[in-house]
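A.B. asks: The chain contents come next:
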Amino acid sequence: MSDQVVLTLRSVPSAALDAGCVAPDRFSSMSEHEIAGLEVWSESEGRGTLGDYFTVRGERSARVRVEGDLSRVDALGQSMAGGELSLIGDTGAGVGARMTDGRLLAEGNTGADAGREMRGGALIVSGNAGANAGGAGPGANRGMTGGELIVLGSSGPGAAARVRRGLIFIGGEVAANAGQTMIAGTLVAMGRLAPDAGRWMKRGSIIALGGVEISATYRYACTYRPPHVRQILNYLRGRYGVPVTPAQVGGTFRRYSGDLAEQGKGEILEWTTA
Amino acid sequence: MEIRGVQIEDTFAEAFTMRVARLLITARNLRWARHAADKLTGFATSVIACKVEAGVERELTEGETPDGRPGLSVLMFTMGKDDMPKRLVERVGQTILTCPTTSCFDGLPAAPDRAGVGSSLKYFGDGFQASKVIGGERFWRIPVMEGEFLVQEKFGFQKAIAGGNFLILAESADAALAAAEAAVDAIAPLSSVILPFPGGVVRSGSKVGSRRSKTMIASTNDAYCPTLRAVTTSALPDGVNSVLELVINGLDVPAIEAAMRAGIRAACIDGVRAITAGNYGGKLGPHHFHLHQILGEGGGA
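Chains as they are written, first to last, in the working numbering: chain A, 1 to 274; chain B, 1001 to 1301.
Hint data in this document are derived by calculation from the structure and do not stem from the laboratory. Honestly, I wouldn't trust all of these hints.
Residues from chain B shown here face chain A by an in silico Cβ test under 8 Å; the list is partial [stated by the list, open to error]:
| no. | residue |
| --- | --- |
| 1 | Pro1066 |
| 2 | Asp1067 |
| 3 | Gly1068 |
| 4 | Met1079 |
| 5 | Pro1100 |
| 6 | Gln1129 |
| 7 | Ala1130 |
| 8 | Lys1132 |
| 9 | Arg1141 |
| 10 | Ile1142 |
| 11 | Val1144 |
| 12 | Tyr1280 |
Quick caveat: nothing in here was measured; it's all calculated off a predicted structure. Glycine included, C-beta positions come from ideal geometry on N, C-alpha and C.
All chains should be built: construct the whole structure from the sequences, respecting the hints.
C.D. replies: As structure tokens, this is what we get:
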């Protein structure tokens, strides 16, 4: 048993590499040899093993560290159910997709679909996230149904789309269509939200700390101090060290109800210093 | 045993097992948290007639509360496990939900039993309520005229002890009151305990049952009433003209022992003749707090 398992990418793959086998809870009972023998799929070379692309050091540990230019390595931490996974460097698509528990720290930028359909655990992205962070897969009705997705940088289009439950924090700018068709859950945006945020939302909350353009199908309700926002922001600051300010935590918010083209039970809460 | 000339009788306080919940009440400022807590803990001195016993445990700083606002911690006791959910819903619904700016959180997250509070109070929202899961806990947002009331879905409760006590036997009512106030002040900084009676002090200690009525479960403790010294079997030493009692409820035995120790030591002032404790011969309550053991051989003075 090792303190941790370390995977080091030998060289950047020539095409996308599906490494969905990399999950710390699975590694916790596997030898170094068994880990190296796990199956991966390369778009250019087809079926292979993890050992073909990574050097493997350590065994039988639920703490896993993956190093190298991982920008063409997809599905790292996919469906992980526990343990701790650290990804050092930019990563490809589908990081932490469908994860149910554990803690995944991506120290860099991630491709599309980070935390797609995640059900539990915590996914922390220290850089930017690509499109559809926390969203749903093609044809799926639901995006995230639980857990916490923390992106300290910006996010691509469609963040939090079709989320049913869970907490998503975006530290930077949020591209178009964030929270689209949200069923419930919470999206906190530190940076500005691009147009069409919350379009067709049923319930759910978008907390806009950096400005938002309100869709025509939302209606202003009131300006107040929402107690749950204070609770959420305090929690995010305490748990993840996100840089929300006391003025935001204790601040007043303009509440817009919507999407009135849907049930209208959702809300956009726009922080105001007024 | 004596402490500063005050006789400590060789007896024990007899206490009972109850259930306790801890409520964390936060508000815009301590003033409104206090208003809510005062109402929540009102008419909550004894389960003899109040159904619950409750009191403020301590003030909470902004760093100690879930939402980073000032607040108060309240302990609420019920006799039975089945009573707790109903009493919590009644009291939180009528006193915290109604109070401006407050939120209410569970203060015993690790307790084995869980009572649905927000999950019941949400119906006041008449379909407009909404929930949020924050850090794995569900909270209910109930729309009210002021804005929103935030309350945790479930509150933990656990076994606890009620009825720790001691009696201050004094030469005068003034001396008894001064000693009781000193004892209350000494206990106030301690956590995990409350003093459910007014100002922490009870003047009407009771005995089990009644001489005249079969339906009364408690009546005046005539053995300790100075005015009845000549007409009943009095337990009062000569020179005692007033008696006050402190009743202490707590989360566990060490908490009550610490409170009794601090309170008794503080109560041993001029004008106090003796300290004793209330019991029923050890037949009713499973928890016995022996004064000499709690205070140590030298009285701890």
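A.B. asks: Work down the list of hints and note, for each, if the structure agrees.
C.D. replies: Okay, the hints, checked on the actual structure:
Taking 8 Å as the C-beta cut-off, the interface hint given for B:Pro1066 holds, the closest approach to chain A being about 6 Å. A least Cβ separation of about 5 Å between B:Asp1067 and chain A falls short of the 8 Å threshold, and the interface hint therefore holds. Interface hint at B:Gly1068: satisfied, since its Cβ lies 5 Å from the closest Cβ of chain A, which is below the 8 Å cut-off. Residue-level restraint check for B:Met1079 is violated (minimum Cβ-Cβ distance to chain A is 33 Å; threshold 8 Å).
Given hint, B:Pro1100 at the interface with chain A, is violated; its Cβ is 12 Å from that chain's nearest Cβ, farther than 8 Å. Interface restraint check: B:Gln1129 against chain A, minimum CB-CB distance 10 Å, threshold 8 Å, status violated. Of the supplied interface hints, the one on B:Ala1130 holds, with its beta-carbon coming within about 7 Å of a beta-carbon of chain A, less than 8 Å. With its C-beta approaching chain A no nearer than about 5 Å, B:Lys1132 sits inside the 8 Å limit, and its interface hint holds.
Because the beta carbon of B:Arg1141 sits about 5 Å from the nearest beta carbon in chain A, less than 8 Å, this interface hint is met. For B:Ile1142, the interface hint is violated, the least distance from its beta-carbon to any beta-carbon of chain A being 10 Å, above 8 Å. Because the beta carbon of B:Val1144 sits about 11 Å from the nearest beta carbon in chain A, more than 8 Å, this interface hint is broken. Interface hint status for B:Tyr1280: violated, as the beta-carbon distance to the closest one in chain A is roughly 46 Å, over 8 Å.
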